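A.B. asks: Sequence:
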Amino acid sequence: MNIVQRLALSHPLAQLQTPSGWTVVKNNFIDADASILASIEDPLEQMQARENFFASDIFYAQSEHDIDGRNTIKAVIDVWCRPAEPDMASSMGYEVTLSLYKNKAKNSYYSKEQLVDGRHQAAQLVNHWMHSFSLKFIYALDDSTAHDPDTYFC
Numbered sequence: 000m001n002i003v004q005r006l007a008l009s010h011p012l013a014q015l016q017t018p019s020g021w022t023v024v025k026n027n028f029i030d031a032d033a034s035i036l037a038s039i040e041d042p043l044e045q046m047q048a049r050e051n052f053f054a055s056d057i058f059y060a061q062s063e064h065d066i067d068g069r070n071t072i073k074a075v076i077d078v079w080c081r082p083a084e085p086d087m088a089s090s091m092g093y094e095v096t097l098s099l100y101k102n103k104a105k106n107s108y109y110s111k112e113q114l115v116d117g118r119h120q121a122a123q124l125v126n127h128w129m130h131s132f133s134l135k136f137i138y139a140l141d142d143s144t145a146h147d148p149d150t151y152f153c
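Under numbering that gives the first Met the number 0, the residue at position 77 of the sequence shown is numbered 76, and the numbers go up by one with no gaps.
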C-alpha cells in the first residue's frame, strides 16, 4: 500500500455527506493538516502526500438534473487547498467553488467561490451546497420558481 492509500484510509473526512444524485469524481480531502507531512520520512512519499492532499484541486463532485425533459442543469463543486505559507507547515485555507451549467454549456452561468480557513469548514460548505442544490434549487427549477441562485447558495 502506498502513502496516498495509507493516508486516505487512515484519515477519512467523515464529515462529508454526499446526497443521492451526486458523483464524487475526485476525493483527496482527508481529515489531517499539513503537519502530517513531518511524520513522513521518505522525501518521495512526502512529495506524493503533499501533491495529493495539500496542493491544488483535492475534491470534485457533480450532479446533473433534468429540468423539463429537454434541458438539464449540472452543478459542480470543487475544493482547492491553499497553503497559508509556502512551507505548508502552518494552517491551510480552502477555496470552495460551486458552478452551475445549463445543458452542455462549457461555461457556467452561475459561479460562487468562498474561502474558508479549515477543512471542517470546507466540508460543511460542500455539504450545504450539495444539499441546497439537490433538495431546494432543483425543485424550485421544476416549479419554475427559482430565480437568483444566491438565494439557495448563501
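None of these hints come from the bench; they were simulated from the model. Quick caveat, the model's predicted, so the values are computed rather than measured. Even for Gly, the Cβ is constructed at its ideal location relative to N, Cα and C. Incorrect hints may appear among the rest.
Claimed, not checked - As a list, the in silico DSS-like pairs of lysine-lysine whose alpha-carbon atoms are at most 30 Å apart:
#  : residue 1 : residue 2
1  : Lys101    : Lys25
2  : Lys111    : Lys101
3  : Lys25     : Lys135
4  : Lys135    : Lys111
5  : Lys101    : Lys135
6  : Lys135    : Lys103
7  : Lys135    : Lys73
8  : Lys73     : Lys105
9  : Lys111    : Lys73
10 : Lys111    : Lys25
11 : Lys25     : Lys105
12 : Lys103    : Lys73
13 : Lys105    : Lys135
14 : Lys25     : Lys103
15 : Lys73     : Lys25
16 : Lys101    : Lys73
Stated by the list, open to error - Here are the in silico distance ranges between beta carbons for each label pair:
#  : residue 1 : residue 2 : range
17 : Gln16     : Asp141    : 35 to 43 Å
18 : Pro18     : Gln113    : 14 to 22 Å
19 : Met0      : Ser55     : 19 to 27 Å
20 : Gln123    : Pro82     : 17 to 25 Å
21 : Asp147    : Ser55     : 48 to 56 Å
22 : Lys111    : Leu43     : 34 to 42 Å
23 : Arg69     : Glu44     : 46 to 54 Å
24 : Gln123    : His146    : 24 to 32 Å
25 : Gly68     : Glu112    : 29 to 37 Å
A.B. asks: None of the hints should be skipped; say for each whether it holds.
C.D. replies: Each hint tested on the structure:
1. Lys101 to Lys25: Since the Cα atoms of Lys101 and Lys25 sit roughly 22 Å apart, the hinted pair holds (cutoff 30 Å).
2. Lys111 to Lys101: Distance ~16 Å between Lys111 and Lys101 Cα, so the pair holds.
3. Lys25 to Lys135: holds (24 Å)
4. Lys135 to Lys111: holds (17 Å)
5. Lys101 to Lys135: Holds, because 17 Å separates the two Cα atoms, which is no more than 30 Å.
6. Lys135 to Lys103: holds (22 Å)
7. Lys135 to Lys73: Between Lys135 and Lys73 the Cα gap is close to 14 Å, so the pair holds against 30 Å.
8. Lys73 to Lys105: holds (11 Å)
9. Lys111 to Lys73: holds (14 Å)
10. Lys111 to Lys25: Holds, because 20 Å separates the two Cα atoms, which is no more than 30 Å.
11. Lys25 to Lys105: holds (20 Å)
12. Lys103 to Lys73: Answer holds: Lys103 to Lys73 is near 9 Å, not above 30 Å.
13. Lys105 to Lys135: Holds, at roughly 24 Å.
14. Lys25 to Lys103: holds (21 Å)
15. Lys73 to Lys25: holds (17 Å)
16. Lys101 to Lys73: OK: Lys101 and Lys73 at ~7 Å, within 30 Å.
17. Gln16 to Asp141: 35 to 43 Å: Violated: the Cβ-Cβ distance is about 23 Å, outside 35 to 43 Å.
18. Pro18 to Gln113: 14 to 22 Å: holds (19 Å)
19. Met0 to Ser55: 19 to 27 Å: holds (24 Å)
20. Gln123 to Pro82: 17 to 25 Å: holds (21 Å)
21. Asp147 to Ser55: 48 to 56 Å: Taking Cβ atoms as reference, Asp147 and Ser55 lie about 31 Å apart, which means the hint is violated.
22. Lys111 to Leu43: 34 to 42 Å: Since Lys111 and Leu43 have Cβ atoms about 38 Å apart, the given range 34 to 42 Å holds.
23. Arg69 to Glu44: 46 to 54 Å: holds (50 Å)
24. Gln123 to His146: 24 to 32 Å: holds (25 Å)
25. Gly68 to Glu112: 29 to 37 Å: holds (32 Å)
Violated hints, listed in ascending order, are 17, 21; each of the other numbered hints is respected by the structure.
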